[in-house]
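S.K.: Sequence:
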Amino acid sequence: MMRVGLTGGIGSGKSTVAGFFRELGIPVYYSDVRARELMEADPELRGRIENLLGEEAYAEGKLNRAWIASRVFGDAELLEALNALVHPAVAADFRSWSARQEAPYVLQEAAILIENGGYRNLDRVILVTAPEEERIRRVVARDNTSGSRVRSRMDAQWSDQRKIPLSDFVIENMELEATRRAVHRIHRELLEIPGSPGAS
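Residue 199 in full-length UniProt numbering is what sits at position 199 of the sequence shown, and the numbering runs on without skipping anything.
Hints in this document: simulated from the structure, not taken from any laboratory. Built from N, CA and C at the ideal position, the CB exists for glycine as well. Where hints are given, some of them may not hold.
To be verified - With beta-carbon atoms standing in for the labels, derived distance ranges:
(1) N83 with Q161: 21 to 29 angstroms
(2) W97 with R185: 20 to 28 angstroms
(3) N144 with G117: 29 to 37 angstroms
(4) A103 with R185: 12 to 20 angstroms
(5) A76 with D123: 26 to 34 angstroms
(6) S146 with R100: 39 to 47 angstroms
Use the sequences and the hints to build the structure in full.
M.R.: Set out below in structure tokens:
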């Protein structure tokens with residue numbers, strides 16, 4: 001089973017691209033969604049998070065996301081410590097999930113796949129890009145937030161220029177039909193990689 005990473009900065013349109021791959025029958029593992037689920041459902045992981053952050057990390061059995069964000073963002077060491085707990089759990093869950101899929105390849109969608117080194121465990125990486133101003137416009141409209149807040153979140157992520165050399169494919173996501181065509185082209189290329197189930 002070939003495992004392909006799908007990443008991109010905030011507002012780049014990873015979810016849109018993932019949707020196009022799903023239309024082609026490719027299973028997509030949404031790392032950020034599963035991370036939140038595991039943080040609530042895995043008793044061992046939950047205990048470690050409470051030891052790190054305190055019992056306030058959970059409220060009425062649910063992850064207290066706003067409180068956690070207020071603790072870790074702005075504290076690089078604490079954020080790194082939290083990621084050191086969550087990322088291995090997600091990686092193990094992804095491996096288990098991948099083994100159960102029946103497809104030529106699977107996608108792992110993750111916002112900081114390159115920053116956290118997770119890309120090294122994958123066969124190929126797809127990077128989704130868009131101009132910064134367009135990304136800010138999208139997130140402001142989507143999250144009803146301010147441009148300055150979006151930019152501060154973008155500043156915490158690597159730039160596209162830093163991620164491009166570590167990526168096998170780059171999709172500039174500005175026009176939907178052009179993005180769809182890029183997905184179909186990459187899909188065909190992935191199927192032709194020697195050793196992949198779709199290779200002729």
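S.K.: Check the structure against each numbered hint from earlier and tell me which ones fail, lowest number first.
M.R.: Hints that this structure does not satisfy do not exist here, as all of them hold.
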